[in-house]
Amino acid sequence: MQDCNLNFIEVNEDIIKCVKCTRLVEYIKNIESKKVKRYRNLNYWSKPVSGFGDIDAELMIIGLAPAAHGGNRTGRMFTGDSSGDWLIKALYEFNLCNQSYSHHLNDGLILRNVYITSIVKCCPPKNKPLPEEVNNCEEHLRKELGLLAKSCKVFLTLGKLAFDQFCNIYEIRKLKFKHGLIYRIDADKVLMSSYHPSRQNTNTGKLTWEMWINIFREIMHNFL
Numbered sequence: 018m019q020d021c022n023l024n025f026i027e028v029n030e031d032i033i034k035c036v037k038c039t040r041l042v043e044y045i046k047n048i049e050s051k052k053v054k055r056y057r058n059l060n061y062w063s064k065p066v067s068g069f070g071d072i073d074a075e076l077m078i079i080g081l082a083p084a085a086h087g088g089n090r091t092g093r094m095f096t097g098d099s100s101g102d103w104l105i106k107a108l109y110e111f112n113l114c115n116q117s118y119s120h121h122l123n124d125g126l127i128l129r130n131v132y133i134t135s136i137v138k139c140c141p142p143k144n145k146p147l148p149e150e151v152n153n154c155e156e157h158l159r160k161e162l163g164l165l166a167k168s169c170k171v172f173l174t175l176g177k178l179a180f181d182q183f184c185n186i187y188e189i190r191k192l193k194f195k196h197g198l199i200y201r202i203d204a205d206k207v208l209m210s211s212y213h214p215s216r217q218n219t220n221t222g223k224l225t226w227e228m229w230i231n232i233f234r235e236i237m238h239n240f241l
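In terms of our numbering, the sequence shown opens at residue 18 and continues consecutively.
Fair warning: there could be bad hints in the mix.
Claimed, not checked - Computed list of lysine-lysine pairs in BS3-like fashion (alpha-carbon distance at most 25 Å, straight line):
| hint | residue 1 | residue 2 |
| --- | --- | --- |
| 1 | K64 | K51 |
| 2 | K195 | K34 |
| 3 | K145 | K195 |
| 4 | K54 | K34 |
Worth flagging that the hints you see were computed from the coordinates, not collected in a lab.
Build out the structure end to end from the sequences listed, making use of the hints.
Put into structure tokens, the structure is as follows:
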């Protein structure tokens with residue numbers, strides 16, 4: 018992955034303005050009309066959601082997409098939903114952010130040595146983007162990876178789709194997703210994979226807190 022000449026402001030502006038996927042553009046606009054009761058008085062972001070965090074990060078966390086009533090509502094990945102609760106709490110335990118919660122865009126959260134993004138920038142119906150939607154978003158992720166090419170040491174992918182897309186971009190062949198996988202990309206860069214901290218995984222016990230926190234122990238003790 019080569020470094021690129023763009024900066025984060027330009028990349029994020031391009032992400033927010035993107036309208037390539039008609040299905041997703043329509044869907045994220047319609048979500049607000051079907052607000053859950055607890056958010057009925059709030060305005061929704063309802064646009065593509067860019068990455069955020071430390072622009073010199075050594076750890077890049079790559080999720081699937083903004084949650085319908087999380088990032089799509091708040092305008093920030095892993096903010097205002099249960100997946101974000103798990104992620105930010107884990108980061109806080111290892112001093113990778115300044116607080117243990119991520120509720121809204123202006124809640125004061127500061128990431129330390131971490132950048133968070135996703136393979137798809139708009140919330141997809143049922144959390145299942147179509148292959149062409151993943152492909153349409155690939156250029157955005159490539160640019161983010163390029164901007165962090167010099168500093169990043171660990172790429173943590175959350176879920177199989179994020180793992181597969183990262184492997185596709187880095188042209189890593191025949192590597193199969195599993196929780197806790199560690200794959201050395203080169204002398205100073207590592208790919209790690211984890212189950213996504215979605216309710217589907219955490220409520221069923223597929224991903225326990227100990228399994229989740231062990232991912233970050235591994236990263237901090239061996240790679241950062």
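These are the hints, each one checked on the structure:
Restraint check for K64 and K51: satisfied, since their Cα atoms lie roughly 16 Å apart, inside the 25 Å limit. Note on K195 and K34: the hinted pairing is violated, with a Cα-Cα distance of about 34 Å set against a maximum of 25 Å. Note on K145 and K195: the hinted pairing holds, with a Cα-Cα distance of about 19 Å set against a maximum of 25 Å. At most 25 Å may separate the alpha-carbon atoms for a hinted pair to count; K54 and K34 exceed this at roughly 29 Å.
Checked against the numbered hints above, the structure violates hints 2 and 4; every other hint is satisfied.
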